[in-house]
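*Asks:* What follows is the residue order along each chain.
Number of protein chains: 2
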Amino acid sequence: MARWEPGAQARLQSAALELIARQGFERTTAAEIAQAVGLNRRTFFRHFPDKRDVLFSGQSELEAALVAGVEQAPEGESPMGLVGLALARAADLFVNVPRERARANQAIIDAEPALRERQRQKYADLARRLGEALRDRGVSDLAAMLAAESAAIVFTVAFVQWLADGESRSLSLIIAETLAELRALYVPR
Amino acid sequence: MARWEPGAQARLQSAALELIARQGFERTTAAEIAQAVGLNRRTFFRHFPDKRDVLFSGQSELEAALVAGVEQAPEGESPMGLVGLALARAADLFVNVPRERARANQAIIDAEPALRERQRQKYADLARRLGEALRDRGVSDLAAMLAAESAAIVFTVAFVQWLADGESRSLSLIIAETLAELRALYVPR
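Residue numbers (the UniProt record's numbering), protein chains in the order written: chain A, 1 to 189; chain B, 1 to 189.
What the hints contain is simulated information worked out from the structure, not anything from laboratory work. Glycine is no exception: its CB is placed at the ideal position from the N, C-alpha and C atoms. No incorrect hints appear here.
Some chain B residues judged to face chain A by a derived CB distance under 7 Å, without partners named:
#, residue
1, Met-80
2, Leu-142
3, Leu-146
4, Ala-147
5, Glu-149
6, Ile-153
7, Glu-181
8, Arg-183
9, Leu-185
10, Tyr-186
11, Val-187
Ranges between beta-carbon positions, derived for each pair:
#, chain 1, residue 1, chain 2, residue 2, range
12, B, Lys-122, A, Asp-92, 32 to 42 Å
13, A, Val-187, B, Ala-64, 29 to 39 Å
14, A, Thr-43, B, Arg-41, 45 to 55 Å
15, B, Ser-140, A, Gln-72, 29 to 39 Å
16, B, Ala-36, A, Arg-27, 38 to 48 Å
17, A, Gln-72, B, Glu-77, 37 to 47 Å
Calculated from the model, a selection of chain A residues having no Cβ within reach of chain B, i.e. all distances over 10 Å:
#, residue
18, Gly-24
19, Gln-72
20, Ser-172
Pulled out of the complex, with its shape left as it was, chain A reads as follows (with noise of 0.2 Å):
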């Protein structure tokens, strides 16, 4: 698998990629990540701090770019105004990620429950995050709530259409498009 970037931590990911997908992720163990890269086990932990962590990178990025986007909004955006702002700046951090690097990593995470629950509570604690965002800009704690889940849901359903096969539209359209389609249920187009 190519190393599209440099660092440590992205080798490491590349590695655990490769090794999971042909060994599964229980069979897989930190040092043997580690290795095949030549680093070791100390080095890894210090880049992840459980093994699980090697497929949920980004997570940081992801939560300061909601955030950002709805701390720049202009004054007077609307409660989803500021949640479509968070996402579109969240969907822009996958401009350059390899399509099939993210499909080969939703692959490990969807055969192992364990995985599967770990993105959903990184989904959760994005929509916390989120929805703090949002009462730090006067929207009221209900509206805050309701706002965030739904962003949540935008952003679930979009990537696992931007995953699909044969699809080809970027992470940013489809979320867009999935938040009209959102907003059509209560304001008919």
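Knowing the structure of chain A, use the given hints to seat chain B on it.
*Replies:* Relative to chain A, chain B alone:
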């Protein structure tokens, strides 16, 4: 704890709530719960395939109510109109559920990660089933998925609120008000 319902199933549930609240979920066995009401382990497992299921009764009634709400809606109802009717039917199941009992049940679930995960899974199953019912009424795949996931959000948020300290509104009213709040994200009042 009072036996407010006849029948082995309800008695097993009452005993389970009492024992688990006292001893914790892990340390309470199915045999012990059965013994507390003069039954045996085999009878327990006839009613609940898994020990966890004693805390998740009513799942099939909830599913049936959601589906009936969609199926029996008047023609021409919008997707979110169908969702509203489905949720109204579901909420109606809780009219005679003592709130204190539901609170005790939820406190046990909240304390145990495996039970929280089970509850998320149950909600996901309900959303999937509701999505199918919406598709059967001619709603497109994407709209049905988004509407069903929105219903899951509304139910989850409203159920937590129903159980909150000092809350006196019925689940039906809280669901109606939460749905109105969700709608107001798209159609400002």
